[in-house]
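In case you want the letters, here they are:
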Amino acid sequence: MSDRGTAEAWFANYRKAWESNEVDDIRSLFTDDAVYRGSPSTATPWEGIDHIVEQWLEHRDEPGDTEFEWKLLAVDGDVAIAQCVSTYLTETPPEVYDNLFVIRLAPDGRATEYTDWWVQRKAPASTGSDA
Amino acid sequence: MDGYRRAWETNQDADIRSLFLPDAIYRGRPGTPAWTGHDEIVAGWLKHADEPGSTTFAWETLARDGDLAVVRCVTTYPDGLKKGTYDNLWVIEFSPDGRAAEFTDWWIPRG
Numbered sequence: 001m002s003d004r005g006t007a008e009a010w011f012a013n014y015r016k017a018w019e020s021n022e023v024d025d026i027r028s029l030f031t032d033d034a035v036y037r038g039s040p041s042t043a044t045p046w047e048g049i050d051h052i053v054e055q056w057l058e059h060r061d062e063p064g065d066t067e068f069e070w071k072l073l074a075v076d077g078d079v080a081i082a083q084c085v086s087t088y089l090t091e092t093p094p095e096v097y098d099n100l101f102v103i104r105l106a107p108d109g110r111a112t113e114y115t116d117w118w119v120q121r122k123a124p125a126s127t128g129s130d131a
Numbered sequence: 001m002d003g004y005r006r007a008w009e010t011n012q013d014a015d016i017r018s019l020f021l022p023d024a025i026y027r028g029r030p031g032t033p034a035w036t037g038h039d040e041i042v043a044g045w046l047k048h049a050d051e052p053g054s055t056t057f058a059w060e061t062l063a064r065d066g067d068l069a070v071v072r073c074v075t076t077y078p079d080g081l082k083k084g085t086y087d088n089l090w091v092i093e094f095s096p097d098g099r100a101a102e103f104t105d106w107w108i109p110r111g
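Those sequence lines, one after another, are chains W and X.
With the first letter of the first sequence counted as 1, position 88 gets the number 88 in our numbering; the numbers rise by one all the way through.
With the first letter of the second sequence counted as 1, position 55 gets the number 55 in our numbering; the numbers rise by one all the way through.
Extracted from the complex, chain W is given alone in its bound form (with noise of 0.2 Å):
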């Protein structure tokens, strides 16, 4: 069982290890064995404390690279659900993808499991000359 506060605390440490890239917050959120998808049926899965530390550095945003909302929106057991929105302002315009983060935690708040839900969000319709 998880509880509300203790999946709040993970997603909240995982914003801070995105920002920091220290390896030892990216660490503090896996269980050894962990497998983190970054799509839901990924090829590709980095699995293992090393492995997801090794493409995390990789695949690595700057602090400042990226705004983003979450609010936690189930748990249920083992499961946790976040709901949120990631902005790239690295690129121009700015990219915006809507997220369901789905983890399982560890007994000691560890996350076994992590898939990122992420649909790219359109960009407004034009409003045209008509104004």
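To be clear, the hints were calculated from the coordinates, so they are not data collected in a lab.
Just so we're clear, the structure is a prediction, and the values are computed from it rather than from any experiment.
It is possible that some hints are incorrect.
Residues from chain W that face chain X, not an exhaustive set, calculated with beta carbons under 8 Å [as the list claims (entries may be wrong)]:
1. D25
2. P40
3. S41
4. T44
5. L73
6. I81
7. V119
8. R121
Okay, derived cross-link-like pairs now, DMTMM-like style, lysine to aspartate or glutamate, Cα gap no bigger than 20 Å in a straight line [to be verified]:
9. W/K71 x X/D105
10. W/K71 x X/E102
11. W/K122 x X/D105
12. X/K47 x X/D15
What follows is a set of in silico ranges between Cβ atoms, one per label pair, in the way DEER data are often shown [said to hold, decoys possible]:
13. W/D50 x X/D50: 36 to 46 Å
14. W/G48 x X/P96: 39 to 49 Å
15. W/E69 x X/R110: 37 to 47 Å
16. W/K71 x X/T61: 16 to 26 Å
17. W/T112 x X/G98: 24 to 34 Å
18. X/R110 x W/D25: 13 to 23 Å
19. W/T87 x X/L46: 32 to 42 Å
20. W/D61 x X/D23: 32 to 42 Å
21. X/D97 x W/P94: 34 to 44 Å
Heads up, the beta-carbon is just placed ideally off N, CA and C, and yes, glycines get one too.
Once you've looked at the hints, dock chain X against the given chain W.
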């Protein structure tokens, strides 16, 4: 979920309406304008209707938390414009009578 699948296959007005509150919000993907209310939902549903037998569908409940359910689905279109397999998370907010107040389909094509 069984009712949703029935309506998906029948595309019958009454089957669709029975799934949603009269003022329900339906999003075919996150971050896009929703269909609001029975009439918009039925019109949108029928506009995007799949023919009976054109899909295979498997699902399991991933999480229940209060009024909210998150359902993990896999949808396959063997043929046609949407041909392929899709991973879905359906986020459903239920009313006490079992109808949906809000529905969002998070769908991601495989491969």
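Now the hints, each set against the structure:
{"no.": "1", "hint": "D25", "result": "26 Å, violated"}
{"no.": "2", "hint": "P40", "result": "4 Å, holds"}
{"no.": "3", "hint": "S41", "result": "5 Å, holds"}
{"no.": "4", "hint": "T44", "result": "13 Å, violated"}
{"no.": "5", "hint": "L73", "result": "7 Å, holds"}
{"no.": "6", "hint": "I81", "result": "6 Å, holds"}
{"no.": "7", "hint": "V119", "result": "6 Å, holds"}
{"no.": "8", "hint": "R121", "result": "4 Å, holds"}
{"no.": "9", "hint": "W/K71 x X/D105", "result": "18 Å, holds"}
{"no.": "10", "hint": "W/K71 x X/E102", "result": "17 Å, holds"}
{"no.": "11", "hint": "W/K122 x X/D105", "result": "15 Å, holds"}
{"no.": "12", "hint": "X/K47 x X/D15", "result": "16 Å, holds"}
{"no.": "13", "hint": "W/D50 x X/D50: 36 to 46 Å", "result": "44 Å, holds"}
{"no.": "14", "hint": "W/G48 x X/P96: 39 to 49 Å", "result": "45 Å, holds"}
{"no.": "15", "hint": "W/E69 x X/R110: 37 to 47 Å", "result": "28 Å, violated"}
{"no.": "16", "hint": "W/K71 x X/T61: 16 to 26 Å", "result": "21 Å, holds"}
{"no.": "17", "hint": "W/T112 x X/G98: 24 to 34 Å", "result": "33 Å, holds"}
{"no.": "18", "hint": "X/R110 x W/D25: 13 to 23 Å", "result": "32 Å, violated"}
{"no.": "19", "hint": "W/T87 x X/L46: 32 to 42 Å", "result": "35 Å, holds"}
{"no.": "20", "hint": "W/D61 x X/D23: 32 to 42 Å", "result": "40 Å, holds"}
{"no.": "21", "hint": "X/D97 x W/P94: 34 to 44 Å", "result": "41 Å, holds"}
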